[in-house]
Amino acid sequence: MKLPNKTTIIDKAIVQIPDGATVMLGGFGVPGTPFTLIEELVQHGAKNLTIIKNDANETGMGVDHLLENGQVKKLVSTHIGLNTHAVDLMNSGKIEVEFCPQGILAERIRAGGAGLQGILTDIAIGTDLQDGKSRVEIKGKICIVEPALRADFALLHADTADHFGNLAYVATARNFNPLMAMAAETVIAETEHLVPVGALNPNHIHTPGPFVDQVVLLEKLSEAYNVVQR
Amino acid sequence: MKLPNKTTIIDKAIVQIPDGATVMLGGFGVPGTPFTLIEELVQHGAKNLTIIKNDANETGMGVDHLLENGQVKKLVSTHIGLNTHAVDLMNSGKIEVEFCPQGILAERIRAGGAGLQGILTDIAIGTDLQDGKSRVEIKGKICIVEPALRADFALLHADTADHFGNLAYVATARNFNPLMAMAAETVIAETEHLVPVGALNPNHIHTPGPFVDQVVLLEKLSEAYNVVQR
Amino acid sequence: MLSSAKAKMVARMIARAAKDIEPGMVVNLGIGLPTQVIEHLPADIPICLHSENGITGIGSALSMDKADRNLIDAGGAYVSPVPGTCYMDSSVSFALVRGGRLDMTMLGAFEVAMNGDLANWKIPGRFTPGAGGGMELAQKAKKVIVLTMHQDRKGRSKIVRKCTLPITAYGCVSRIFTDMAVLDVTPDGLVLREMAKGLSVDEIVKATDAPLIIPANDMPFF
Amino acid sequence: MLSSAKAKMVARMIARAAKDIEPGMVVNLGIGLPTQVIEHLPADIPICLHSENGITGIGSALSMDKADRNLIDAGGAYVSPVPGTCYMDSSVSFALVRGGRLDMTMLGAFEVAMNGDLANWKIPGRFTPGAGGGMELAQKAKKVIVLTMHQDRKGRSKIVRKCTLPITAYGCVSRIFTDMAVLDVTPDGLVLREMAKGLSVDEIVKATDAPLIIPANDMPFF
Chain P
1 MKLPNKTTII DKAIVQIPDG ATVMLGGFGV PGTPFTLIEE LVQHGAKNLT IIKNDANETG
61 MGVDHLLENG QVKKLVSTHI GLNTHAVDLM NSGKIEVEFC PQGILAERIR AGGAGLQGIL
121 TDIAIGTDLQ DGKSRVEIKG KICIVEPALR ADFALLHADT ADHFGNLAYV ATARNFNPLM
181 AMAAETVIAE TEHLVPVGAL NPNHIHTPGP FVDQVVLLEK LSEAYNVVQR
Chain S
1 MKLPNKTTII DKAIVQIPDG ATVMLGGFGV PGTPFTLIEE LVQHGAKNLT IIKNDANETG
61 MGVDHLLENG QVKKLVSTHI GLNTHAVDLM NSGKIEVEFC PQGILAERIR AGGAGLQGIL
121 TDIAIGTDLQ DGKSRVEIKG KICIVEPALR ADFALLHADT ADHFGNLAYV ATARNFNPLM
181 AMAAETVIAE TEHLVPVGAL NPNHIHTPGP FVDQVVLLEK LSEAYNVVQR
Chain G
1 MLSSAKAKMV ARMIARAAKD IEPGMVVNLG IGLPTQVIEH LPADIPICLH SENGITGIGS
61 ALSMDKADRN LIDAGGAYVS PVPGTCYMDS SVSFALVRGG RLDMTMLGAF EVAMNGDLAN
121 WKIPGRFTPG AGGGMELAQK AKKVIVLTMH QDRKGRSKIV RKCTLPITAY GCVSRIFTDM
181 AVLDVTPDGL VLREMAKGLS VDEIVKATDA PLIIPANDMP FF
Chain A
1 MLSSAKAKMV ARMIARAAKD IEPGMVVNLG IGLPTQVIEH LPADIPICLH SENGITGIGS
61 ALSMDKADRN LIDAGGAYVS PVPGTCYMDS SVSFALVRGG RLDMTMLGAF EVAMNGDLAN
121 WKIPGRFTPG AGGGMELAQK AKKVIVLTMH QDRKGRSKIV RKCTLPITAY GCVSRIFTDM
181 AVLDVTPDGL VLREMAKGLS VDEIVKATDA PLIIPANDMP FF
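Residue numbers (our numbering), protein chains in the order written: chain P, 1 to 230; chain S, 1 to 230; chain G, 1 to 222; chain A, 1 to 222.
FYI, nobody ran anything at the bench for these hints, they're computed from the structure. Each residue gets a CB set at the ideal place from its N, CA and C atoms; glycine is no exception. Check the hints yourself; a few may be wrong.
[What the hints assert, rightly or not] If you want the footprint, here are the derived chain A segments under chain P, 3+ residues with CB under 8 Å:
1. 47-59
2. 65-71
3. 83-95
4. 164-173
[As the list claims (entries may be wrong)] 25 Å max Cα-Cα, derived DSS-like pairs, lysine-lysine:
5. A:142 to P:141
6. G:143 to S:141
7. G:197 to G:154
8. P:12 to P:220
My request is simple: use the sequences and hints to build the entire structure.
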């Protein structure tokens, strides 16, 4: 039994993303952010995007290029404090921002990936972040109903991929990537290393190949990955 | 910064389990079942236990020893068809059995581990397995509320552990183990191999050490692990 | 034991079912007849088999002397890995099923109704082992195919107008392979698509509780 | 910039806070002052540091030439691993927090109320970057400790009777370290436990909006 080959070239992968799409982007700060796929999405120019990402990167980097290019309608995020440009766009009403507690964003994405409709949590009860959310009682405890999140596309950054789309991440570049890998109709991963099927230890794979649709080998690593004083 | 040492000896670990405790047991069929910890629990003799496990193993093996010894009040499981003894105890009312769809049992345990109160799912709607569960509407869709599951103890089987309790499983012995590792007040893992902290690659650990309370090195592997025709 | 003639019909059914698996599919083969489909999949077509105990990329069953004690499928059979195999925990394994990444499952059945309802997990008062992963597979795989004997041991049709047993999932089945026929579930009802060599349309209609739609074209044999 | 005297008081506060971390604890150090606590932890005491971006077992911060581009803490600082470090995805990282495995978190504050309410994520109309992981840390860590300057830049007390800013989590804080004092949140109110060298009880009471309970014993200095 052999497994399908999912490698492709970057422009073929990103050109699929239409105006109005919902797009998840891996990464927490710099590590795990698919900077090269994001650059291609900027070139491609799809508009009115809903972006789901832990943060908005920093000014002049990653997500910010999509914001600069006017491609983003809405941002679902946990913290955008390192990107003053994103904060300004939000404050001036040029983009809509939906904030979510960080671990709850992770769980909502994971729930979407797991084919659940939502999760019940007591996080943020009584705070501004509960606004507009419905409640349900379970075993005598009031909980917030947090609906599952899915996207049309997920763009991921892997350290190593095989041709079937099995993915491995390193260190803190894992973060939201394996969760988003489960939660989108089309999952596109950029990878620093591409290996033949069978080269990855089956116990060490973080995202099973069946979740991944397309794999793009990076020719060079984005300069955003340079180690610099922040 | 060094990390705590959590290794202990088996009788000290299991003697903590009191009558009436809820105990999760890893494993799907044979792989990943903590047979040696279960044997010690049989010796220890705690009664009126609620056991949460994917299956009831086979007659004369694993969970069945707890059943034979009259220690089990209730079993939460997905399928007990390979253990006719368990089916008989259920049919004669000697134990209570709560069935759950397999992936939903996994999610309920995981939700307990993730500090969520429950999940919303459309699985089993209209079937006998929805009986007694409440419903909630989310985005116009009716869902079943599946409450999170937690236990007093989780007994796990790992391939390799370090002294801090970082755990790695192999092949299909992973199954419910990493989920239960998150979902109990006290987590005890038996392990085939014990290595110093630092010997496991931090990217290849399946259960982070902070979830694990005690690690027991197996002196010999249970005969239940022998490869035999079933 | 099946008679030799019956056994041959079953073997042909399994070989025929294997042809419905298309290149690139992710497929879960249920316990029993479906598991045997694996032996009929051509090695040169890319297919990813899934088993719900936490594995994608499954090769053939292994003999005892070659088995890995930690590597089984959901039915408990020792299986082999393939290049590209991945292991995962039970929550991720079912995320794959419920999240829409499972293209097809082949399942056994106690009863299948003409509208695609499936009953395969419980015979009240006689057989209540629990549903295992069956409900999620039946409810969420993109395509649910049933492999079953056409009739039970008492000669009663397992292809019924309406299920009498507790339901596993409603309206989920799209195609049924039996030792006698290939049937498609359509909005108009069950359509006879192919029949086992040596049988007539009349024999199949008589053996079936549910009404069958018989297309006007020549009926292919398998 | 802090004055040199102020900077020394802050350094003493951080060193004092480090002493509250007990052997065996799993601890999350928030961005800002709390992160500096790491430099005061003795190497021979077993402590596991957690950062919510997916790491348990964190060593000291690294200089640029030694940094690993894939290894940061939640504040974006390059950090080092220790023997026994483990990486995990964001869902597992917060499972650790919400599931009850985080023994302590040290967080910054805009305001802390005498009943333990914490406000540290939003200043309406001026600062709305989102809560990040702060709400879960504050609501679910077994022990929530605040490290903050006693007063803001305009000299207003950050230790208040009642928070005026949007709440991060209610009644969560058990102890407050400031450059001036160590305060415990008790059912009776805030209790002064220790004070910075060179200060008097009166000075601390005057600098604090919330009423303070002053025990009869000699007040230790830090």
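Checklist entry - What hint numbers does the structure not satisfy? => result No hint contradicted; all consistent.
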